[in-house]
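**Q** Single-letter residue listing:
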Amino acid sequence: MAILKVNSLTKYFGGVAALKDVSFEIPEKQICGFIGPNGAGKTTLFSLITGAIRPSKGRVELRGRNVTGKSCSSLVKMGVARTHQIVRPFRVMTVLENVQLAVHFGRQGIGRTSHAKERAMEALNLVHLDKKANLLASVLSLGEQKRLEVARALATSPDLLLLDEVCGGLAPAETQAMLDLIQQIRARGTTIMYVEHDMKAVMSVCDRITVLNFGQKLAEGKPDEIQNNEAVIDAYLGKAHLGDER
Amino acid sequence: MKPAIRRLLPQTILPLALFLALLLLPAVGLKPNVVRLLFITYVWTITSIAWNLVGGFTGQVSFGFAVFYGLGAYTAGLLINAGGSPYLGFIEAAGIAALASFLIGLPTFRLRGPYFAIATIGMTEAVRVIMSNLQITGGASGLSIIEHRQFRQVEHYYSALVAVALAVIVSMLIARSRFGLALRAIKQDEDAAAALGVNPYQSKLWVHAIAAALTGIAGALHARYHVFIDPSGGPGGVFAFQTGISILLMPVIGGIGTVWGPVLGGMVFGIVEEELVVNFPNFHLLLYGILLILIILLEPDGLAGLLRRIFGLVRSSNGNSKS
Chain A
516 MAILKVNSLT
526 KYFGGVAALK
536 DVSFEIPEKQ
546 ICGFIGPNGA
556 GKTTLFSLIT
566 GAIRPSKGRV
576 ELRGRNVTGK
586 SCSSLVKMGV
596 ARTHQIVRPF
606 RVMTVLENVQ
616 LAVHFGRQGI
626 GRTSHAKERA
636 MEALNLVHLD
646 KKANLLASVL
656 SLGEQKRLEV
666 ARALATSPDL
676 LLLDEVCGGL
686 APAETQAMLD
696 LIQQIRARGT
706 TIMYVEHDMK
716 AVMSVCDRIT
726 VLNFGQKLAE
736 GKPDEIQNNE
746 AVIDAYLGKA
756 HLGDER
Chain B
2 MKPAIRRLLP
12 QTILPLALFL
22 ALLLLPAVGL
32 KPNVVRLLFI
42 TYVWTITSIA
52 WNLVGGFTGQ
62 VSFGFAVFYG
72 LGAYTAGLLI
82 NAGGSPYLGF
92 IEAAGIAALA
102 SFLIGLPTFR
112 LRGPYFAIAT
122 IGMTEAVRVI
132 MSNLQITGGA
142 SGLSIIEHRQ
152 FRQVEHYYSA
162 LVAVALAVIV
172 SMLIARSRFG
182 LALRAIKQDE
192 DAAAALGVNP
202 YQSKLWVHAI
212 AAALTGIAGA
222 LHARYHVFID
232 PSGGPGGVFA
242 FQTGISILLM
252 PVIGGIGTVW
262 GPVLGGMVFG
272 IVEEELVVNF
282 PNFHLLLYGI
292 LLILIILLEP
302 DGLAGLLRRI
312 FGLVRSSNGN
322 SKS
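Each protein sequence line maps, in turn, to chains A and B. Positions 516 to 761 (our numbering) are the ones given, in order, by the first sequence. Positions 2 to 324 (our numbering) are the ones given, in order, by the second sequence.
Errors might be hidden in some of the hints.
Simulated crosslink set (DMTMM-like; lysine to aspartate or glutamate; CA at most 25 Å straight-line) [stated by the list, open to error]:
1) K592(A) x E276(B)
2) K592(A) x E275(B)
3) K188(B) x E659(A)
4) K646(A) x D695(A)
5) K572(A) x D192(B)
6) K632(A) x D192(B)
7) K188(B) x E612(A)
8) K544(A) x D739(A)
9) K585(A) x D190(B)
10) K572(A) x E540(A)
11) K632(A) x E191(B)
12) K585(A) x E191(B)
13) K585(A) x D192(B)
14) K647(A) x D190(B)
15) K632(A) x D190(B)
16) K544(A) x D713(A)
17) K737(A) x E612(A)
18) K592(A) x D190(B)
Here are the simulated distance ranges between beta carbons [said to hold, decoys possible]:
19) E148(B) x I601(A): 19 to 25 Å
20) Y751(A) x R309(B): 53 to 59 Å
21) M593(A) x I291(B): 49 to 55 Å
22) V607(A) x N280(B): 37 to 43 Å
23) H630(A) x L135(B): 48 to 54 Å
24) F312(B) x A686(A): 40 to 46 Å
FYI, nobody ran anything at the bench for these hints, they're computed from the structure. Glycine is no exception: its CB is placed at the ideal position from the N, C-alpha and C atoms.
The shape of chain A in the complex, shown without the other chains (with noise of 0.2 Å):
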């Protein structure tokens, strides 16, 4: 059954359609990754899923209920998180207050403040952040951000995870940590939509992957089916034939 179902969904800035009639199903417990050149409206989707805007048209669906409009904090609630593109921690608080609060306020609303630290302790083991979790979120690398950035999303017990770029900026090293803890989220039966511009690290962990251009749906499918698509890398790579010409 699918957990998320996205019906002609449409959104202008000013005259500018950033996402044009876009419709497709999320199954539950897969990877699906998003792919496409910059400016396609792929993050425009994700805000757009998570309410932190609203669609111009079109409806989005959550296990059948329609969530269209809804806002970001009654989402969370709901199951949905995200992580941002730009990592967005609050700088003046400790790694761990940054988790404790998506455990306080996620979907299971935990109150009490010891129950909700052990929480955000097993958050931040997963993205072995732990021994950090005393310091300010502020004197973290990049490449700690970002998982602070999921190991928050993660806090809220989401069912369904919106993973916005989280390999960008990376090494490869902390890449490949990243994709194996994405496996991991998935193991433990979260649905997973992921952002990526690393196309070997989509193609690595997706099930199935979207290409969006210009706002719209290009193709879908299988990461094989998707690498031998010409419209993919027509949109990516100009146009196919331009070699056999010469």
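Fit chain B to the supplied structure of chain A, relying on the hints for placement.
**A** Showing chain B alone in chain A's frame:
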């Protein structure tokens, strides 16, 4: 020192000792003028603590706290004139101010940053003009408050002291709670907080209401003591823009975003303000202007930050001499 005691000392034992000392103070036979000065300082301190909940913890800079101060003052004044108990009047003042905070907050908290601040200026001026023209409260000529009980200065002193203690306790509880954690998150990045399940709009409305209630009590204390209130007669007017500025100034002087900074700011401001206004009717405005610029430039964490820095220096130099 045992670690448990060291941990409890700043948070409970010291404030409790201070509270007891202030409780016993009138018994040593202070001059009425000194008791009056302390009373006024307590009233200012309450508003300082209240403003800090919204401006310091949550980062929403409001110029409009005179509205709650004034509404508290008028609510208590009218109720006392109708023959009600002044203490019931304090509670109703808190209620009316909190109610008003929702009416003001519902539209203005849709705005962010400087736009919110500007909107609060508009709100407070609108309320001031309305109150200056409202006939049933005496309009611009003010309201005399007649309490059919004997005036006992010590009673005023104690009610203000208890109200300050209440404000400090509220501030401490919020600072330690998950609600306080959410407020700090909202201050730093509202959208990131929302992405973790915090509802920034609702949280702001609630903290605004708590702050308004405390400010309303302060206004009520002021009204009952001074027997006469007017909406905007110079700096003393309860709805005057200047009043809102004073309320904002204290936590900034003391150090915003902390529990004790605003208390410190309120104490310093209350005492300095009274002495200055008596001696130099307009000079204090210039002084505050200069002080504000200095604080923002040199010590954004206010007096609390300055003290922390001094203690830090003392401690580290002690450590050096021992080693």
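**Q** Now tell me, hint by hint, if it's right for this structure.
**A** Status of the hints after comparison with the structure:
1. K592(A) x E276(B): Given pair K592(A), E276(B) is violated - Cα atoms ~54 Å apart, limit 25 Å.
2. K592(A) x E275(B): The hint is violated at about 51 Å.
3. K188(B) x E659(A): Given pair K188(B), E659(A) holds - Cα atoms ~23 Å apart, limit 25 Å.
4. K646(A) x D695(A): holds (20 Å)
5. K572(A) x D192(B): holds (23 Å)
6. K632(A) x D192(B): holds (23 Å)
7. K188(B) x E612(A): holds (14 Å)
8. K544(A) x D739(A): With a Cα-Cα distance of about 20 Å, the restraint between K544(A) and D739(A) holds, given a limit of 25 Å.
9. K585(A) x D190(B): Given that 25 Å is the threshold and the Cα spacing comes to 20 Å, the pair holds.
10. K572(A) x E540(A): holds (17 Å)
11. K632(A) x E191(B): It holds: about 22 Å lies between the C-alpha atoms, which stays within 25 Å.
12. K585(A) x E191(B): Holds, at about 17 Å.
13. K585(A) x D192(B): holds (14 Å)
14. K647(A) x D190(B): holds (21 Å)
15. K632(A) x D190(B): holds (21 Å)
16. K544(A) x D713(A): holds (22 Å)
17. K737(A) x E612(A): violated (39 Å)
18. K592(A) x D190(B): OK: K592(A) and D190(B) at ~19 Å, within 25 Å.
19. E148(B) x I601(A): 19 to 25 Å: violated (60 Å)
20. Y751(A) x R309(B): 53 to 59 Å: With Cβ atoms ~55 Å apart, the hint holds.
21. M593(A) x I291(B): 49 to 55 Å: holds (53 Å)
22. V607(A) x N280(B): 37 to 43 Å: holds (40 Å)
23. H630(A) x L135(B): 48 to 54 Å: holds (52 Å)
24. F312(B) x A686(A): 40 to 46 Å: holds (41 Å)
When held up to the earlier numbered hints, the structure conflicts with 1, 2, 17, 19 and fits the remainder.
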